[in-house]
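Peer 1: Okay, here's what each chain looks like letter by letter:
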Amino acid sequence: MKVIIADDSQVMRTIIEKVVRPLGYEAMHACNGQEVLSLLEKGCEGIDLILMDWNMPVLNGLEALNLIRKSNQFSSIPVLMVSTESEDDKIRQALDAGASGYISKPFTSETLAAVISKAQEKRGV
Amino acid sequence: MKPILLNDCSREVSLLLADLLDEKALLLNERFENHKRLDDYRMIVLETRSDQKRVLNQISKMRYACNFRNIPIIVMRGREDHFPVQHYIMAGATEVLSLTDPPAACRQILQGYLIPDRRPLDQEMEYLKPFIENTVSVIQTMTSGTAEFREMYFSNAFRIFGDISGIIGLSGDAEGTVVLTFYWALAWRIISKMMQVQEEAINAELIHDGVGELINMISGSTKKNFVGTHYHYELSLPTVVVGSGHQIGHPEGASIAILIFDMDNSSFAVHVCLKPMKGTS
Amino acid sequence: MNDKTDILLINRDEELLESLETQLRQAGYAVHTAMDMREALTTITSHPLGLIICDHALEDVNGYDFLYYLKSDPLRDCIPFVFLVPLKDQGSAFKAFEMGAIDFWVYPLEVKDFIMRVRKIDPLQPSKTPPPGSPPSSPTPPAEHQESKERRKTERVRIAPSFKIEVSRDGIVWLPGQVMNFNKGGVFVRTPLLGKQGLTLKIKFLLPAGVSIVSGEIRHIVFNSSHQQAGMGIKMEQDQEWNRVQGHLESLKVSEMPSRGGNSGDPWKSAAQAPAKTIMVCNQKEQHPPDALLTDNPRKSEAESFNIRFYQSLIGKQLDNYKAVSFIGAGAMGGVFKGWDIALEREVALKVISYELASKETFRDMFIKEARTISKLDHPNIAHIYYIGITDNILYFVMEFITGQTLKNMIDRRINLNNLKGIEYLITICQALDFVSNKHIIHRDIKPENILIDQKGSVKIVDFGVAKTIDADNPAKQEGIVGSPLYMSPDCIVGRAMDHRSDIYSLGASFYHAFTGTPPFEGKDADEVLLKHLNEPCVPLNVKNPKVSKTLGEIIERMMAKNPEDRYQDYAQIIKDIKALRSKVMKFQKLKNSTLMPRPGSI
Chain A
1 MKVIIADDSQ VMRTIIEKVV RPLGYEAMHA CNGQEVLSLL EKGCEGIDLI LMDWNMPVLN
61 GLEALNLIRK SNQFSSIPVL MVSTESEDDK IRQALDAGAS GYISKPFTSE TLAAVISKAQ
121 EKRGV
Chain B
126 MKPILLNDCS REVSLLLADL LDEKALLLNE RFENHKRLDD YRMIVLETRS DQKRVLNQIS
186 KMRYACNFRN IPIIVMRGRE DHFPVQHYIM AGATEVLSLT DPPAACRQIL QGYLIPDRRP
246 LDQEMEYLKP FIENTVSVIQ TMTSGTAEFR EMYFSNAFRI FGDISGIIGL SGDAEGTVVL
306 TFYWALAWRI ISKMMQVQEE AINAELIHDG VGELINMISG STKKNFVGTH YHYELSLPTV
366 VVGSGHQIGH PEGASIAILI FDMDNSSFAV HVCLKPMKGT S
Chain C
407 MNDKTDILLI NRDEELLESL ETQLRQAGYA VHTAMDMREA LTTITSHPLG LIICDHALED
467 VNGYDFLYYL KSDPLRDCIP FVFLVPLKDQ GSAFKAFEMG AIDFWVYPLE VKDFIMRVRK
527 IDPLQPSKTP PPGSPPSSPT PPAEHQESKE RRKTERVRIA PSFKIEVSRD GIVWLPGQVM
587 NFNKGGVFVR TPLLGKQGLT LKIKFLLPAG VSIVSGEIRH IVFNSSHQQA GMGIKMEQDQ
647 EWNRVQGHLE SLKVSEMPSR GGNSGDPWKS AAQAPAKTIM VCNQKEQHPP DALLTDNPRK
707 SEAESFNIRF YQSLIGKQLD NYKAVSFIGA GAMGGVFKGW DIALEREVAL KVISYELASK
767 ETFRDMFIKE ARTISKLDHP NIAHIYYIGI TDNILYFVME FITGQTLKNM IDRRINLNNL
827 KGIEYLITIC QALDFVSNKH IIHRDIKPEN ILIDQKGSVK IVDFGVAKTI DADNPAKQEG
887 IVGSPLYMSP DCIVGRAMDH RSDIYSLGAS FYHAFTGTPP FEGKDADEVL LKHLNEPCVP
947 LNVKNPKVSK TLGEIIERMM AKNPEDRYQD YAQIIKDIKA LRSKVMKFQK LKNSTLMPRP
1007 GSI
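Chains as they are written, first to last, in the working numbering: chain A, 1 to 125; chain B, 126 to 406; chain C, 407 to 1009.
Hint data in this document are derived by calculation from the structure and do not stem from the laboratory. Cβ atoms here follow ideal geometry from the backbone N, Cα and C, with glycine treated the same way. Watch out, some of these pointers could steer you wrong.
List time: in silico BS3-like cross-link candidates among lysine-lysine, alpha-carbon distance up to 25 Å [unchecked claim]:
#1 B:LYS318 x A:LYS18
#2 C:LYS968 x C:LYS874
#3 C:LYS501 x B:LYS318
#4 A:LYS90 x B:LYS254
#5 B:LYS178 x C:LYS526
#6 B:LYS186 x C:LYS570
Calculated from the model, a selection of chain A residues having no Cβ within reach of chain B, i.e. all distances over 12 Å [what the hints assert, rightly or not]:
#7 ILE15
#8 LEU37
#9 LEU39
#10 MET56
#11 LEU59
#12 LYS70
#13 SER75
#14 ILE77
#15 LEU80
#16 GLY98
#17 LYS118
#18 ALA119
Model the full assembly from the supplied sequences, consistent with the hints where possible.
Peer 2: Below you can see the structure in the form of structure tokens.
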């Protein structure tokens, strides 16, 4: 299984990768929304999950999510928003835009792992 | 009562201080040694001699040894010292006085610094408490380590003395800035714990990145506590600053709270300056 | 002293080694190269080295081990050692510094940057020795003279170090910076702020014509060590604003080096002048002159500086039952804080008397003696005094906290006060001061700063800190001058016995300022203004501002008569005259509204 970890912070990407690897994911890194889109378009086949930070330079996570949901090819890939924004308003905004789940930073590895498996179950259904 | 440290001061300066300060003040003439903690002094006075470079170095070491505590470092300039004041202040001195300054002014300034710090008001605790709790919780969640809140004070701290600071500007219903400041060693340890890697695997770039992420998480998770109040704000992008003595802009007329936390025999500080905008309540 | 200028380059990458060697040779250095420790040690024993530049991994050992080896050798531990490592595997700068490396560079590095850094550590022996009074070294400045020397050979430009910029990511937090270099495309700045490549930054340039803010994108980041300011190359948005800034930067470049290619003594000269310039700016900033009039007098400005520093020491403290929450500002008499009364749990204004006044015995006595009387002034247009106290020699008083703006703020913001509202303010203040004078008290510091208009629009007179009770039967001569030069009465200036007519003068002068937009007398220093108050007739109000009615002008001018006998003798008279004027104005306005309403079709 493949996952794209999109976060402008290298530290954050490393932390997330440490959680997803034991779950059986192979991780690809992106520093902003633009890089996520080019990874998808470059034909990195079989992306199973995207973990997306909200506040990123160039193209932010929400904008990238909108573009993904609008596309024909990638609209079905589960996208989890991972953000320091933690108010209900913001969470709703992300879910309305098509996020499959929401994790607010800081998180424990257990929480992150739990949200990921829940998203995958949903997809399975 | 906590003593005042006269670091290697001449007889002339010692006498002058004894004369200026009231007789209750406990003056200790000692020499500052590296690695000595200065947390428990009320004030530190040091005298400049001909070797300014050494003095500057000593001031910054002393400022570090105060572990972010509000301990005034007063520089007494010798008669021959015409070195620009700015350099002492940048190194960490609180105030620079001279033997030739009017004694009445010196007395008032010294006495001003010796007045005990005020405690926070209830309405200030209203917005400071969430910052304290969330700082502890972010550190706990990300590093599995324990940061303990120790003390707080209010200051005119336009300058920040630490090795690395993450800064976030706040705007919206309330405006202000939040700053998280570490010394290198602790930042190094925290980031390596966060990433679960050996300390050797950490480089300067990762520390910058990680400190930015930490301040982002602290102010982001605290923001949630303020939904519906006039303290609610929006985050800007974190800025990371390296080095000591940097000046940070705060909104005019706002008070700046410095929260001090202890972790692994070291300290770090969170500066909170939050001012509700007029017209909202 | 320093005859060792040779450089030893150690790197596994032969191509890189060659290219660096060429660059250094072109810059005039004798260069030796090595690919492993053995080779390096041979060179060290046979050549006078001024600098070692080493990769973090060599063919036989790693760079840290090599450094450790050198540092444990007392004959070689003083050779400056710098790591030069590739960006992709940076290693540990921290460890390197701990072990005694003096710097930690990351490549790719631009050639001129590389050479500049080498120069900082290993300057080629200058033909002349530097003058003994060269500036003291501190973390960033020492490079300066080397740079200016070097720019003769290269195209490197240098901007006056006193030219400051501010850098921000969000437009909220601004940090200082310095332009190191620039061209049409962008700037290279040094700043404590760190950003990532690709981020947009705002740069604030403080140009003589005003502030310019230009956005740009971070193209590359250079940081020598974790402790030092980073250098950032920023590609600027090519707009008009940037053209303006660039033009100014060009002019700085030219004026900084008037004799390009001139005699070799020049760089030293400019280097020695640079810190002096900066210091002047710093000193001015330190003092925060609250009143421009007073700063021209060096002795007075020094006292101001002590006062400001005294107020600073009280931020975050508690005086008896009153917390100093935040600092609002400083005036001639004292510093004002927003305060909190812990006993009664309410906001208060806390005014701390300046150390100068507080240390005068006569003032202290008076301050305490007058306190009780003044605190009894109970009038809706007078800010209440709650408390007067002395703690550790610090004199302060506590008064009602009023949110609003001062008359001074309104004048500064050019709010037109030459209208009914302005007249209303004047009437209200006269009524309040009439009440004050009936209690045999004079305010002694009436000025626009002490007239507040609160959020509901009602007027309050504040700051009775230097007020005085007068004994009509036994008028005492006053000691020293009290008040603000711009609005001070002649009777006060010459030290004559004062009564309420002195307040009338100051009130007249304040409203002269409010109605015309300029104070009655201006001058290069306080003394000149005081002399004018004494001797010079003021320019009639409607000459200064033709929109001020002649009648109103005459009222103010009469309030400001030099001789107290020629002024209004009491407030009742003033009120009567202004009220008459007010009804005339109101009648006229009614008339205007009913008959002069522009009708449709009229011009």
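Peer 1: Now tell me if each hint is right for this structure.
Peer 2: Quick rundown of the hints versus the structure:
Taking the CA atoms of B:LYS318 and A:LYS18, the gap is near 13 Å; set against the 25 Å cutoff, the hint holds. For the hint pairing C:LYS968 with C:LYS874, the CA-to-CA distance comes to about 22 Å; that is within 25 Å, so the pair holds. A distance of roughly 18 Å separates the Cα atoms of C:LYS501 and B:LYS318; the hinted pair therefore holds under the 25 Å criterion. Note on A:LYS90 and B:LYS254: the hinted pairing holds, with a Cα-Cα distance of about 23 Å set against a maximum of 25 Å.
A hinted pair counts as satisfied when its Cα atoms are at most 25 Å apart, and B:LYS178 with C:LYS526 qualifies at roughly 19 Å. Restraint check: the Cα-Cα separation between B:LYS186 and C:LYS570 comes to about 28 Å, which exceeds 25 Å; the hinted pair is violated. Its closest Cβ contact with chain B, about 6 Å, brings A:ILE15 to no more than 12 Å, contrary to its assignment away from the interface. Remark: the non-interface label on A:LEU37 is consistent with the geometry, its nearest Cβ contact in chain B lying 21 Å away (cut-off 12 Å).
Distance check for A:LEU39 against chain B: the nearest CB is about 21 Å away, which clears 12 Å, and the non-interface claim stands. A:MET56, annotated as away from the interface, has a beta carbon of chain B within 12 Å; the closest lies near 10 Å. Non-interface status of A:LEU59 relative to chain B is upheld: no Cβ of that chain comes within 12 Å, the nearest being about 14 Å off. No Cβ of chain B approaches the Cβ of A:LYS70 within 12 Å, the least distance being about 26 Å, so the stated non-interface status holds.
No Cβ of chain B approaches the Cβ of A:SER75 within 12 Å, the least distance being about 29 Å, so the stated non-interface status holds. The beta carbon of A:ILE77 sits about 25 Å from the closest Cβ of chain B, which is more than 12 Å, so the claim that it is off the interface holds. Every beta carbon of chain B lies more than 12 Å from that of A:LEU80, the smallest distance being close to 17 Å; the non-interface claim holds. Listed as a non-interface residue, A:GLY98 keeps its Cβ farther than 12 Å from every Cβ of chain B; the least gap is roughly 22 Å.
The non-interface label for A:LYS118 is consistent with chain B: the shortest C-beta to C-beta separation is roughly 20 Å, beyond 12 Å. Here A:ALA119 stays apart from chain B, with its beta-carbon at least about 21 Å from theirs, past the 12 Å limit.
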